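Chemist: Single-letter residue listing:
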Amino acid sequence: MGYVRGLKCRECERKYPAEPLYVCEYCFGPLEVDYDYEGIKNVLSRDVLTSRAENIWRYRELLPIDGNPIVGLQSGWTPLIRADNLAGELGVKELYVKDDSVCHPTLSFKDRVVSVAISKAAEFGFDTVACASTGNLANSVSAQAAKAKMKCFVFIPADLESGKIIAAIIYGPNVVAVEGNYDEVNRLCTEITNKHKWAFVNINIRPYYAEGSKTYIYEIIEQLGWKVPQHIVVPVAGGSLISKIRKGMVEFQKLGLIKNIDTKIYAAQGQGCAPVVTAIKQKSEIIKPVKPRTIAKSLAIGNPADGYYAYKTVTDSGGWADEATDDEIVEGIKLLARTEGIFTETAGGVTVAVAKKLIEQGVIPKDESIVICITGNGLKTQEALAGRIRQPVKIKPNIDSFEKIVHEK
Amino acid sequence: MAKKIVKLIFPQRLIKEPLTFKMAKKFNVIPNIRRARVTDTIGELVLELDGEEKNVAMGIDYLVKAGVDVRPVEGDILD
Ligand SMILES: Cc1ncc(COP(=O)(O)O)c(C=O)c1O
Ligand SMILES: [Zn+2]
Chain A
1 MGYVRGLKCR ECERKYPAEP LYVCEYCFGP LEVDYDYEGI KNVLSRDVLT
51 SRAENIWRYR ELLPIDGNPI VGLQSGWTPL IRADNLAGEL GVKELYVKDD
101 SVCHPTLSFK DRVVSVAISK AAEFGFDTVA CASTGNLANS VSAQAAKAKM
151 KCFVFIPADL ESGKIIAAII YGPNVVAVEG NYDEVNRLCT EITNKHKWAF
201 VNINIRPYYA EGSKTYIYEI IEQLGWKVPQ HIVVPVAGGS LISKIRKGMV
251 EFQKLGLIKN IDTKIYAAQG QGCAPVVTAI KQKSEIIKPV KPRTIAKSLA
301 IGNPADGYYA YKTVTDSGGW ADEATDDEIV EGIKLLARTE GIFTETAGGV
351 TVAVAKKLIE QGVIPKDESI VICITGNGLK TQEALAGRIR QPVKIKPNID
401 SFEKIVHEK
Chain B
1 MAKKIVKLIF PQRLIKEPLT FKMAKKFNVI PNIRRARVTD TIGELVLELD
51 GEEKNVAMGI DYLVKAGVDV RPVEGDILD
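Taken in order, these protein sequences are the chains called A and B.
All residue numbers for the first sequence refer to this note's numbering, where the first residue is 1 and numbers rise by one.
All residue numbers for the second sequence refer to this note's numbering, where the first residue is 1 and numbers rise by one.
These are computed hints drawn from the structure, not numbers from a lab.
Source: prediction; values computed, not measured.
Ideal placement from N, C-alpha and C gives every residue a C-beta, glycine not left out.
Please note: incorrect hints may appear among the correct ones.
Simulated crosslink set (DSS-like; lysine-lysine; CA at most 30 Å straight-line) [stated by the list, open to error]:
(1) B:Lys3 - A:Lys8
(2) A:Lys288 - B:Lys26
(3) B:Lys65 - A:Lys8
(4) A:Lys15 - A:Lys366
(5) A:Lys197 - B:Lys26
(6) B:Lys16 - A:Lys283
(7) A:Lys334 - B:Lys22
(8) B:Lys4 - A:Lys15
(9) B:Lys3 - A:Lys259
(10) B:Lys4 - A:Lys195
(11) A:Lys197 - B:Lys22
(12) B:Lys7 - A:Lys291
(13) A:Lys15 - B:Lys16
(14) A:Lys247 - A:Lys259
(15) B:Lys65 - A:Lys288
(16) B:Lys16 - A:Lys288
(17) B:Lys22 - B:Lys7
(18) A:Lys288 - B:Lys25
(19) A:Lys288 - A:Lys227
(20) B:Lys7 - A:Lys312
(21) A:Lys8 - B:Lys7
(22) A:Lys195 - B:Lys54
(23) A:Lys197 - B:Lys7
(24) A:Lys264 - A:Lys366
(25) A:Lys281 - B:Lys16
(26) B:Lys7 - A:Lys281
(27) A:Lys291 - B:Lys16
(28) A:Lys147 - B:Lys65
(29) A:Lys195 - B:Lys3
(30) A:Lys8 - A:Lys195
(31) A:Lys291 - B:Lys54
(32) B:Lys65 - A:Lys283
(33) A:Lys288 - A:Lys357
(34) A:Lys195 - B:Lys7
(35) A:Lys312 - B:Lys16
Chain B residues, not near chain A, derived (Cβ > 10 Å throughout) [to be verified]:
(36) Ile5
(37) Lys16
(38) Leu19
(39) Ala24
(40) Asn28
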């Protein structure tokens, strides 16, 4: 048995049973999973956690499933890397990279949320899972549905890059390319949710799905020796990850696994799609939707579902926010690759670029602990680098030709 | 009859105008306010609109033409 008490409205706190519901009937606020923390406190300790297998399910009491998970046994427990080379470049003392570009099975942090969503969907008795996506989510849902032997529908805007489409189609889902922009795909999927009895991981299963993000910060805390970092820079699209990072820290504190939380949380977005950053800078808790224009397509959500909570998370923590231009994103990708040997996608480029800015501006102090969240793999967004990186040097197949270019260097 | 849940975002210049009321009268749509946030520069309103399907659609169109941002309440769920 799990420790889920039910769902709770994040706005008016009305309670609902743990069913495939996602909005409050009264105020239309989003619903969130509520746990029996007293019960969990009796069974979870640092020792118990440390003794468990290294995947997201080591935190299963804090995840909303009742039985055994059916997917995700290879997801999570990704490296937290002490990034001394990058630290040197940025002039800071203690810097870490939490590297979900190697999260399995599909190389982004979405494998965490989807593992939970699909396990929950199976418990609810759904035989079909679905999602609306611009890439990473589609890849993860397709792969994990295959493993779970569930039917799968993935909705994408028709003009998506072919690389992303292939990385979904290979697993055998029904890929539906909608002739329209993201907003229209979104709207269509909400309508489909009302009509078909499907588990849309980021619509009607969203409260459960979102909980999977908490494992990202749980791992960081464990990997730091049961400590929170003083600063954490997080990429923001829908705003779910960043708000769950906060929730995860608060839960560990409630359970007595850590004492104080003094972490400042920073939001990173691409310029051209930075509605949360803009709200934080203008100190306005209302998020103004935008039409996305950035090479960081995985973060290109103009009207973030959890935008308000992302805003609250950052401001309540005493953190701040900034945005990265397309050029800065590419520079961020290159910087991380050159210093740490990690090839991240555009979202990671955004995080690195924004962390660099915030350090240069003196917003993040140089002598405190900093974590940079790297959430996706660079092999998926190679198009973004086209024409922006060096070409290999061409030579004739003889030693003279080689010696010539060596001396030119 | 149709019910539609929408989130309206009013820019500063429209905050003081009774646009929702005008729309309701003009198209015979019943607005049921569920949630609101207003600051000096922007206003956000979550509403349920109840009326003939085509009237609800025309009402929304009217608000959009007036400069209000109208979205389904679930927000953008793309990830
Ligand atoms: C690689 C990557 N990083 C970060 C995010 C942002 O997560 P969220 O939508 O929870 O803000 C996404 C997806 O949306 C993503 O694909
Ligand atoms: Zn509510």
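Chemist: Measure nothing beyond the straight line between the CA atoms of Lys281 of chain A and Lys16 of chain B; if it is 30 Å or shorter, mark the hint as holding.
Modeler: Holds, at about 24 Å.
Chemist: If you draw a straight line from the CA of Lys197 of chain A to the CA of Lys7 of chain B, is it 30 Å or shorter?
Modeler: Given pair Lys197 of chain A, Lys7 of chain B holds - Cα atoms ~25 Å apart, limit 30 Å.
Chemist: Would you check the hint for Lys288 of chain A and Lys227 of chain A, treating anything up to 30 Å between C-alpha atoms as holding?
Modeler: violated, 35 Å
Chemist: Determine whether the non-interface label on Asn28 of chain B survives the test: each CB of chain A must be over 10 Å from its CB.
Modeler: The claim stands: Asn28 of chain B keeps its Cβ more than 10 Å from every Cβ of chain A (closest is about 23 Å).
Chemist: Verify the proposed pairing of Lys15 of chain A with Lys16 of chain B, using a straight-line Cα cut of 30 Å.
Modeler: violated, 35 Å
Chemist: So if I understand the rule, the pair passes when the alpha-carbon distance is 30 Å or less; does Lys7 of chain B with Lys291 of chain A pass?
Modeler: Given pair Lys7 of chain B, Lys291 of chain A holds - Cα atoms ~17 Å apart, limit 30 Å.
Chemist: Between Lys16 of chain B and Lys288 of chain A, is the straight-line Cα distance small enough, at 30 Å or below?
Modeler: holds, 18 Å
Chemist: Keeping to a limit of 30 Å between CA atoms, is the pair of Lys197 of chain A and Lys22 of chain B held or broken?
Modeler: Status violated; Cα separation ~38 Å.
Chemist: With a cut-off of 30 Å on the C-alpha distance, tell me whether Lys195 of chain A and Lys54 of chain B pass.
Modeler: Given that 30 Å is the threshold and the Cα spacing comes to 20 Å, the pair holds.
Chemist: Between Lys3 of chain B and Lys8 of chain A, does the CA-CA distance stay at or below 30 Å?
Modeler: With Cα atoms ~24 Å apart, Lys3 of chain B and Lys8 of chain A stay inside 30 Å; holds.
Chemist: Regarding the pair Lys288 of chain A and Lys25 of chain B, is the alpha-carbon distance no greater than 30 Å?
Modeler: holds, 27 Å
Chemist: Compare the distance between the alpha carbons of Lys4 of chain B and Lys195 of chain A with 30 Å, and conclude whether the hinted pair is satisfied.
Modeler: Holds: Lys4 of chain B and Lys195 of chain A sit about 15 Å apart, inside 30 Å.
Against the hints set out earlier in the document, violations occur for numbers 3, 4, 5, 7, 9, 11, 13, 19, 28 and 36.
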